[in-house]
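Q: Protein chains in written order, with the numbering used here: chain Y, 1 to 235; chain Z, 1 to 408.
Treat each hint with caution, since some may be false.
[As the list claims (entries may be wrong)] Where chain Y lies over chain Z, by a calculated footprint (3+ residues, C-beta under 8 Å):
{"#": "1", "stretch": "10-21"}
{"#": "2", "stretch": "303-313"}
{"#": "3", "stretch": "318-324"}
[Claimed, not checked] Far from chain Y, by Cβ distances over 12 Å, these chain Z residues were calculated:
{"#": "4", "residue": "Thr5"}
{"#": "5", "residue": "Val117"}
{"#": "6", "residue": "Ser121"}
{"#": "7", "residue": "Val135"}
{"#": "8", "residue": "Thr184"}
{"#": "9", "residue": "Ser194"}
{"#": "10", "residue": "Trp200"}
{"#": "11", "residue": "Gly254"}
{"#": "12", "residue": "Gly282"}
{"#": "13", "residue": "Thr298"}
{"#": "14", "residue": "Thr383"}
{"#": "15", "residue": "Ile403"}
[Claimed, not checked] Beta-carbon label-pair distances, calculated as ranges:
{"#": "16", "chain 1": "Y", "residue 1": "Thr61", "chain 2": "Z", "residue 2": "Gly286", "range": "45 to 53 Å"}
{"#": "17", "chain 1": "Z", "residue 1": "Gly322", "chain 2": "Y", "residue 2": "Ser12", "range": "24 to 32 Å"}
{"#": "18", "chain 1": "Z", "residue 1": "Gly322", "chain 2": "Y", "residue 2": "Gly34", "range": "31 to 39 Å"}
{"#": "19", "chain 1": "Y", "residue 1": "Asp137", "chain 2": "Z", "residue 2": "Thr23", "range": "27 to 35 Å"}
{"#": "20", "chain 1": "Z", "residue 1": "Trp15", "chain 2": "Y", "residue 2": "Gly136", "range": "20 to 28 Å"}
{"#": "21", "chain 1": "Z", "residue 1": "Gly322", "chain 2": "Y", "residue 2": "Ala227", "range": "41 to 49 Å"}
Calculated from the structure, these hints are not laboratory results.
All residues carry an ideal CB built from backbone N, CA and C; glycine is no exception.
Residue-level listing of the chains:
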Amino acid sequence: MALLRLDGVARSVQLPDLTTLEILRSIDLEVEVGDHLSIVGRSGSGKSTLLNLLGLLDAPTAGRLFFDDVPLERLRGAARDRRRGRDIGFIFQQFNLLPGRTALENVATPLLYAHDRGFWRRERLAAEMLERVGLGDRLHSFPTQLSGGEQQRVAIARALVRGPRLILADEPTGALDVETGARVMALLDDIAEQSGAALITITHDPNVASLARRHYRLDQGVLTAVATASTGVTA
Amino acid sequence: MRLVTGFVGAVVEAWTELRIHRTRVLLSLVGVGIAIAALTLVAALGGMVQQSQTETFERQSGRPALLSINAYNPTTGDAPDAATMRQAFAAAMERYGIDYSSRVSYGQWRIQLPDGVTDASVTAVDADYGTMHRVQLAQGRWFTDRDELRLAPAVIVNEYLWNRIGAPALASHPTLELPGDPGTTAVIVGVTPSPVYDEWPSLYVLETAYEARQAPGDQQLYGPPNYEAWVPPELADQLTGLVQADIGGSLGEGWEASVSRQDYLAWGGDYDPLLPLKLMVGGVAGLILLLGALGLLTISLVTVRYRIREIGIRRSFGATGGRVFFAVMMESVVATFVAGGVGVLAAVLLSRLDVVREYLLQGAQDTPPFPWEAVAIGLGSATVVGALAGLLPALVAVRVKVIDAIRL
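Model the full structure from these sequences, guided by the hints.
A: Below, the structure written as structure tokens:
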């Protein structure tokens, strides 16, 4: 059973002049538990739109999207929000740490929306996750006191603290220097593998993309599998 | 479980948000805190002023429900013989189990002061009158039944008269000479306070002592005593008819009894004489709170627009629209509740200042404690204002488009 399946998914928007702009066209994709795939594309190719669809933040205008074999249209409103909180972790290019909150508070924030034991143990779980990303000594540091690499590690800890089954990373190294970016990606790849979560990295950086096992290119809204020396043709 | 974690989570979020933005929150809440303090204080002081006014009314016209009873001959207009009326009145009081009753007569006595003889107003009453009219004493005590047995009548003088005789200590059993035929000596057992405008000697004496000194023409001059009974307000209407019929019957043919309420609650039927005061107090408090709420609403609306990105991030973590709405609302409610608590505390402390209490209570006997209603009004208003002021920002927060917010 695929964790995530897209069948002929398209996304278009109507422009003010009433013409239709097709951002994504007939996308087919299956993501299994433990997958690691990268999606590479230029600016304006539709990467963020695809990420929003994969993260259940947006709905396709055509085609069908299944999460755990449940069609997206059956997940409405609060149920979709709760599914997103429980099963999907986001990592953003600009880290998007909440200002004024310590690293510990930032990582504990997603657990505020949990309804299980994680809610009551959120501080301990957050501290453990920060330990895992090597920030055990920076629990009470504010974002402004952390370097870019440290901030992204906090963001990774925050994305993983609820034990998601799908991690969506949007240009995770876009705001970091090459060396720091490589270290952060290695960490992300490592932790995702350990937790068994699927990792989808959207990037324009070939080095980051190369860490994935399956590779895709998004060009003018069309998603195509890319062959690599190590993996051969993927689909 | 989901409800509990949802509620606790929203409160935790709200509290964290308030902690982080404490300067903004403090600034926005100064107005609310002051408004709540003012509202609570006004409500509490309103209660105190009301108590003071109520006691003043009760001193003047008796505590509710006070029945005024008299009898007359409709043909001649004459009053019945004092002894007959007293007997009929006493029988009626006993029959209906009325515990507090008093005769009231007004007259004048000649009294001997150090600088000569002068007239003093006399109010002759029974011992129950003190309770029925909340008679206030500056010194000494009110009459007891044992005072009826005194050969030298007990009197309670006003402060003006007491000062005229040199303000003697009551423990020394000061006396007052009553010249006449026969002359007698009264013992002062208490002193009633005199307002600044009270510049006439006056005293209370027990009705029995007053009657004993009455000259033959006095009843013609000053009229017969009035009779008063203090009954439960809910039984007043029923007892009015019963007592009237009872006394009329006891007096026999040719006599009619008249019983009517004279306490302040009966002055205008359902009219509440304190209503204007209550309306004024409520109006001022409402206006203060409205201004505080408007200030808070403005700041909350501006703030939520600065937080759109943060709200988007929270939605990406799984915060539902309802949860975002509730959390933003809770920020406002928690903040105003805390501000309300501080405001209420300030109001309690202010109201305890001696100068405030003395000014407002104007010597009321029953100093009311800080009314719980005022605390409830203060905290309740704070919560309602918080919810109302948080409503619009919460609606704005829910309408945030997650995708756009994250990209900001």
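Q: Now tell me if each hint is right for this structure.
A: Now for the hints, and whether the structure bears them out:
1. Check on the stretch 10-21 of chain Z: 5 of its residues sit with their Cβ under 8 Å from a Cβ of chain Y, so the three-residue criterion for coverage holds.
2. Under the rule that three or more residues need a Cβ within less than 8 Å of chain Y, the assignment of the stretch 303-313 of chain Z holds, with 3 such residues.
3. Check result for the stretch 318-324 of chain Z against chain Y: holds, 6 residues qualifying (beta carbon to beta carbon below 8 Å, three or more required).
4. Thr5/Z, annotated as away from the interface, has a beta carbon of chain Y within 12 Å; the closest lies near 5 Å.
5. Separation of Val117/Z from chain Y is adequate, the least Cβ-Cβ distance of about 86 Å exceeding the 12 Å criterion.
6. Against the 12 Å criterion, Ser121/Z stays outside the reach of chain Y, whose nearest CB is about 75 Å from its own CB.
7. The claim that Val135/Z is not at the interface with chain Y holds, since no C-beta of that chain comes within 12 Å of its own (minimum 64 Å).
8. No Cβ of chain Y comes within 12 Å of the Cβ of Thr184/Z; the nearest lies about 85 Å off, and the non-interface call holds.
9. Non-interface status of Ser194/Z relative to chain Y is upheld: no Cβ of that chain comes within 12 Å, the nearest being about 65 Å off.
10. At the 12 Å boundary, the C-beta of Trp200/Z stays outside the reach of chain Y, the nearest C-beta of that chain being 73 Å off.
11. Every beta carbon of chain Y lies more than 12 Å from that of Gly254/Z, the smallest distance being close to 87 Å; the non-interface claim holds.
12. With a cut of 12 Å on Cβ distances, Gly282/Z stays outside the contact zone with chain Y, its closest approach being about 40 Å.
13. At the 12 Å boundary, the C-beta of Thr298/Z stays outside the reach of chain Y, the nearest C-beta of that chain being 22 Å off.
14. No Cβ of chain Y comes within 12 Å of the Cβ of Thr383/Z; the nearest lies about 23 Å off, and the non-interface call holds.
15. Interface exclusion of Ile403/Z from chain Y breaks down, the closest Cβ pair being 5 Å apart, not more than 12 Å.
16. Under the hint 45 to 53 Å, the C-beta atoms of Thr61/Y and Gly286/Z, about 52 Å apart, fit the expected range.
17. Between Gly322/Z and Ser12/Y the CB atoms are about 30 Å apart, so this pair conforms to the stated range of 24 to 32 Å.
18. The given range of 31 to 39 Å is respected by Gly322/Z and Gly34/Y, whose C-beta atoms sit roughly 33 Å from each other.
19. Restraint check, Asp137/Y to Thr23/Z: a C-beta distance of roughly 29 Å satisfies the suggested window 27 to 35 Å.
20. Between Trp15/Z and Gly136/Y the Cβ separation comes to about 26 Å, which falls inside the hinted range of 20 to 28 Å.
21. Between Gly322/Z and Ala227/Y, the C-beta spacing of about 47 Å keeps the proposed range 41 to 49 Å intact.
The structure does not agree with the numbered hints 4, 15 stated previously, though it agrees with the rest.
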